[in-house]
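Peer 1: Okay, here's what each chain looks like letter by letter:
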Amino acid sequence: MPEKRPTEPEQIPVVKRPLLSWVFGENLKFQILLILIIIVMVFVSIIPLEVQKRVVNEAIKMRRIDLLLTYCGVYLLAIVSASVLQFTINSLQVYIGQRTLSRMRKELFDHILSLPINFFRKTQPGTVISSLVTEIATAGDNVGMIFASTVRSVLTLVAFAAYLFYLHPMLAAVSMSIYPIILILVPRLQMRANTANRKRVDATRTMSNKIGESISGIYEIHASGAFNVENHKFAGIVDRLFRIRIVWNLYKFAIKVTNNFFNNLSPFFIFLLGGYFVMNGRLELGSLIAFLSAQKDISDPWKELIANYQGFQDSTTRYKKTMQLFDITQEHLVEDKTREPHKLGASVEVKDLTFKTEDGIKLLSGVNFKLKPGDQMALVGFSGSGKSTLAQCISQLYKYSSGQILIDGNDIAELTKKDMAANIGFVPQAPFIFNGTIQENILYSCVANLKEIDPDKGFEENPDLPSLDDIIAILHQTGLFVDVLRFGMNTMLDPEKDEELASRLVEVRSNFQEEFSEELADIVEFFDDNRYLHHSDVASNITFGTARDPAFLSENLTDNDYFLSFLDDADLTRPLMTLGAEMSRQIVNILGGLPADDVFFEQSPISHDRIKDYKLLVERMAGIRIHDMPKEDGRMLLETALRFIPARHKIVSFPQLLEDLILEGRALFKQRIHKDKPDAFSFYDISEYIYSQTILNNIFFGRSKTDKPRDQERVNKSIVRLLVEEDLLETILEIGSEFEVGDKGDNLSGGQKQKLAIARTLLKRPDILILDEATSALDNNSQARIQNLLETSWKGKSTIIAVVHRLDIIKNYDYIAVLKAGEIVEMGSYDELIKRKGMLYELEFGQG
Amino acid sequence: MSLNSDKDSANHSVDASSSEFQENLATLRQIPFFSKLPLDKLKLLAYLCSQVTFKTDDYLFTQGDDDGQAFYIIEGSAQLIFEREDGSAVVREYGKGVFLGGIALLGKSRRIYSLKAKASTTCLILEREKFIRIIEKFPDLLLPAIQGSIENIHAWEKHFLSHHSKDCQQCCQHLGVSVL
Chain B
1191 MPEKRPTEPE QIPVVKRPLL SWVFGENLKF QILLILIIIV MVFVSIIPLE VQKRVVNEAI
1251 KMRRIDLLLT YCGVYLLAIV SASVLQFTIN SLQVYIGQRT LSRMRKELFD HILSLPINFF
1311 RKTQPGTVIS SLVTEIATAG DNVGMIFAST VRSVLTLVAF AAYLFYLHPM LAAVSMSIYP
1371 IILILVPRLQ MRANTANRKR VDATRTMSNK IGESISGIYE IHASGAFNVE NHKFAGIVDR
1431 LFRIRIVWNL YKFAIKVTNN FFNNLSPFFI FLLGGYFVMN GRLELGSLIA FLSAQKDISD
1491 PWKELIANYQ GFQDSTTRYK KTMQLFDITQ EHLVEDKTRE PHKLGASVEV KDLTFKTEDG
1551 IKLLSGVNFK LKPGDQMALV GFSGSGKSTL AQCISQLYKY SSGQILIDGN DIAELTKKDM
1611 AANIGFVPQA PFIFNGTIQE NILYSCVANL KEIDPDKGFE ENPDLPSLDD IIAILHQTGL
1671 FVDVLRFGMN TMLDPEKDEE LASRLVEVRS NFQEEFSEEL ADIVEFFDDN RYLHHSDVAS
1731 NITFGTARDP AFLSENLTDN DYFLSFLDDA DLTRPLMTLG AEMSRQIVNI LGGLPADDVF
1791 FEQSPISHDR IKDYKLLVER MAGIRIHDMP KEDGRMLLET ALRFIPARHK IVSFPQLLED
1851 LILEGRALFK QRIHKDKPDA FSFYDISEYI YSQTILNNIF FGRSKTDKPR DQERVNKSIV
1911 RLLVEEDLLE TILEIGSEFE VGDKGDNLSG GQKQKLAIAR TLLKRPDILI LDEATSALDN
1971 NSQARIQNLL ETSWKGKSTI IAVVHRLDII KNYDYIAVLK AGEIVEMGSY DELIKRKGML
2031 YELEFGQG
Chain D
3 MSLNSDKDSA NHSVDASSSE FQENLATLRQ IPFFSKLPLD KLKLLAYLCS QVTFKTDDYL
63 FTQGDDDGQA FYIIEGSAQL IFEREDGSAV VREYGKGVFL GGIALLGKSR RIYSLKAKAS
123 TTCLILEREK FIRIIEKFPD LLLPAIQGSI ENIHAWEKHF LSHHSKDCQQ CCQHLGVSVL
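Each protein sequence line maps, in turn, to chains B and D. Residues 1191 to 2038 (the numbering used here) make up the first sequence, in order. Residues 3 to 182 (the numbering used here) make up the second sequence, in order.
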């Protein structure tokens, strides 16, 4: 559905729009159509009443079958068309309601995102979420449907009332005398309900805030064992909400009950008066029946009217409360639709800049400096000196209190967010990584600067986005290359989709073995039919392949009778059980009483949830020979033994004899499977791709023995060389850049996140680059690499302002500004400042 | 070979006495930093340690990194190196049986020196993350660990004073690590 882009500059801001303005506007056409259908519908719904009267008064009284049939036909026609019309009306109502709601959500979300950063520092995410998800949903839903539904109720009411008067004016007047009473009572009750509702919104918000706070502070809560404190606080809020909700609901029901009571009172008058009139012959029986039916039918639209009234009041309350919360003026315009974002020069001038918090605390005062395009400046100082605040002010994240920041002579207070994004790149201290792939994250800033965002268009198809080559260059420069390559190498291919790549990788495998098998022998254990694999478990050493039949998967082997009887025949059962027994004893002894924690259990063949069972098993084993043990216990021992990886589980030694025995078993197993179950396994074969293993292990045709970074680097270097030769490097990098980073980038390390954040900012090649301790989580080498990049290929091209925590990287900056208590106390080149023996000297060499 | 008689099973019985774990346990008991800990905790440490072999000229750790590891040299030797812009200087050398980096287990710090294998060197390595996790579960281990460290620092400075105080009057003005 094509819709206008929200929030034109001349429009009223979304938070100031009255609730009813959503009802019409773009829905006007639908509303008119709806009302036309309703008018027809109201007319149609009177027909059955008239038919009813005529059936009794004419057809039955005069005993005319033909009339009876005609009337019944008309009746049938009327109720069929009423049903069809009813459903049409409902469909239109739902459509209008949902459309209104989705527009409200989109526009409000758009508004919320553009609110000043300060708002988000003070507001819990929970409040914003519950506003957008719950409160506004009820309001939007209701208000979208309410108009048509009210019109319909009123029309029906009027039509039926007219019909009643047409039947018997006096009776009609009496039966309708109840409505004025309701009209006096209900609004009074509703006012109280509204008050309770407002309290409920506030209390719900308090509850959302509390939940948000507890989740954010979960580390403190666990560390201090403060569960009771938090529960107590939460219980207080919930109890308050409990009371408010009860009052609120009681008022709502009171309205309903009052309304029902008076509605039911109406037939009482009709029986009394109508009965009297019929007995006197002043009214026909058919008319009385029609009157009673119509009276009953009139109460439905009336109830609906009251419900609408209640719903509207509820919606208004929720809507006002929600909009109030977000009714904050944006500090900066997001974009000016009438023009392209300005393309500015890269000079930065700060004049007499002051920044005060809302409480009046001065974080910056009287800051002055001027940078020519291409100048690089470092901001240093103790924490709390205002260096980050200054960087954030220049990036337009905070609005300064007085003074000026000029970019190419333009005051940034006058620039839009889009102008800023087109000229400035900002890397924050703790960058946020969005859920998605590495590639999506790296392109994030570039995509944001596009004119049109088309989610269905990949970057390959969009000429305004950087090419794969640009991305690879940035990966290299920021040092993310190795990480992305590793993600690519650790990917498992899909046999359906990647067959071609798999066959090429098999070629790479044979080249790899030719060139590197000796050089990397100490890091890689190659798959070799005749050698024991010390970095794989016993089960893999026996089967030496990938199971295609699930019964032969490692975890199912001890339940697989074919495999168990094979172990017997290969003389492996007893020695493996002995191995399992010794391992179980050791592990239970060392880890028996420890809590579930990866650090303790990652080197253990027995997982934490099984350790209790093994504890009991070890107790049962005391004094019993292994061959006397019950079958089930024996299987548990086998299970442990099959998981044993000699290079990893060093708690027991692994006798050579057993190793040889297993190698013999391997040959026997292959023979047997070939004969008995040829489809159950694919054995490791140097000419076949193994889809159950990563790309890396496939190229190795073996397993990496270590995870030491240094060794990884050696492996990487040799593999990169090979992949370049085979022209596969880009393919692997592309696969690696499809790596899912997880929520908040949880699958990445702190360093990788920072490198990714730097890469995504550098990729848009900003003319002014602002770094807020952007390299703080990096190791020395990575930090030096990025510093070097800035000092060489970015030198003189982009203006750089870098907040720096570690002083070893500042020497080559053109200027160093030292901040203390919100003021620049000295500024100059590194050598100048050191010579002066002022603040920088003190920071660098201490006071002594 | 028949595996049916019980006598035979002795031939290929799996025993723990010669495993890496047992070696690690024996090593840890010799290191003063750990020797005060009770046996069951030492076993856990021995299980969490790993033996790593470094080739000649490999770095055990690098200046400026926070690797958080403690090393015990089982075999071989290593050089402590201070790297400066104008080149690097060998500070001293460590041989077999030396334990380094106990302090790195206790808290975050970036290395002031680099350590480089002079020959093929096998070390027993314990990582801070694992050590801290044990301390978290058994807080009463913290005190003996800290005491071990402090005794170490005192012994070092005492030794330094008694051997070098005459060589270098100027250096001695900056001494006083143990009274920090």
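One should not assume that every hint holds.
Below 27 Å or equal to it, Euclidean Cα-Cα: the simulated DSSO-like pairs (lysine-lysine) are [said to hold, decoys possible]:
{"#": "1", "chain 1": "B", "residue 1": "K1805", "chain 2": "D", "residue 2": "K118"}
{"#": "2", "chain 1": "D", "residue 1": "K98", "chain 2": "B", "residue 2": "K1895"}
{"#": "3", "chain 1": "D", "residue 1": "K118", "chain 2": "B", "residue 2": "K1907"}
{"#": "4", "chain 1": "B", "residue 1": "K1895", "chain 2": "D", "residue 2": "K120"}
{"#": "5", "chain 1": "B", "residue 1": "K1895", "chain 2": "D", "residue 2": "K139"}
{"#": "6", "chain 1": "D", "residue 1": "K120", "chain 2": "B", "residue 2": "K1907"}
{"#": "7", "chain 1": "B", "residue 1": "K1821", "chain 2": "B", "residue 2": "K1867"}
{"#": "8", "chain 1": "B", "residue 1": "K1934", "chain 2": "D", "residue 2": "K110"}
{"#": "9", "chain 1": "D", "residue 1": "K57", "chain 2": "B", "residue 2": "K1907"}
Worth flagging that the hints you see were computed from the coordinates, not collected in a lab.
Peer 1: Need the status of pair K1895 of chain B, K139 of chain D: alpha-carbon distance at most 27 Å?
Peer 2: violated, 31 Å
Peer 1: Does K1907 of chain B sit within 27 Å of K57 of chain D, going by the straight-line distance between their CA atoms?
Peer 2: Holds, at roughly 18 Å.
Peer 1: Is the hinted pair K98 of chain D and K1895 of chain B satisfied, with a Cα-Cα distance of at most 27 Å?
Peer 2: holds, 25 Å
Peer 1: Hey, K1805 of chain B versus K118 of chain D, does the alpha-carbon distance stay inside 27 Å?
Peer 2: At roughly 44 Å apart (the allowed maximum being 27 Å), K118 of chain D and K1805 of chain B break the hint.
Peer 1: Is K120 of chain D close enough to K1907 of chain B, meaning Cα to Cα at most 27 Å?
Peer 2: It holds: about 24 Å lies between the C-alpha atoms, which stays within 27 Å.
Peer 1: Need the status of pair K118 of chain D, K1907 of chain B: alpha-carbon distance at most 27 Å?
Peer 2: holds, 22 Å
Peer 1: Keeping to a limit of 27 Å between CA atoms, is the pair of K1895 of chain B and K120 of chain D held or broken?
Peer 2: holds, 23 Å
Peer 1: Sort out whether K110 of chain D lies within 27 Å of K1934 of chain B, counting only the CA atoms.
Peer 2: holds, 25 Å
Peer 1: Is the straight-line distance between the alpha-carbon of K1821 of chain B and that of K1867 of chain B 27 Å or less?
Peer 2: Status holds; Cα separation ~26 Å.
In terms of the numbered hints stated before, the structure departs from hints 1 and 5, listed from lowest to highest.
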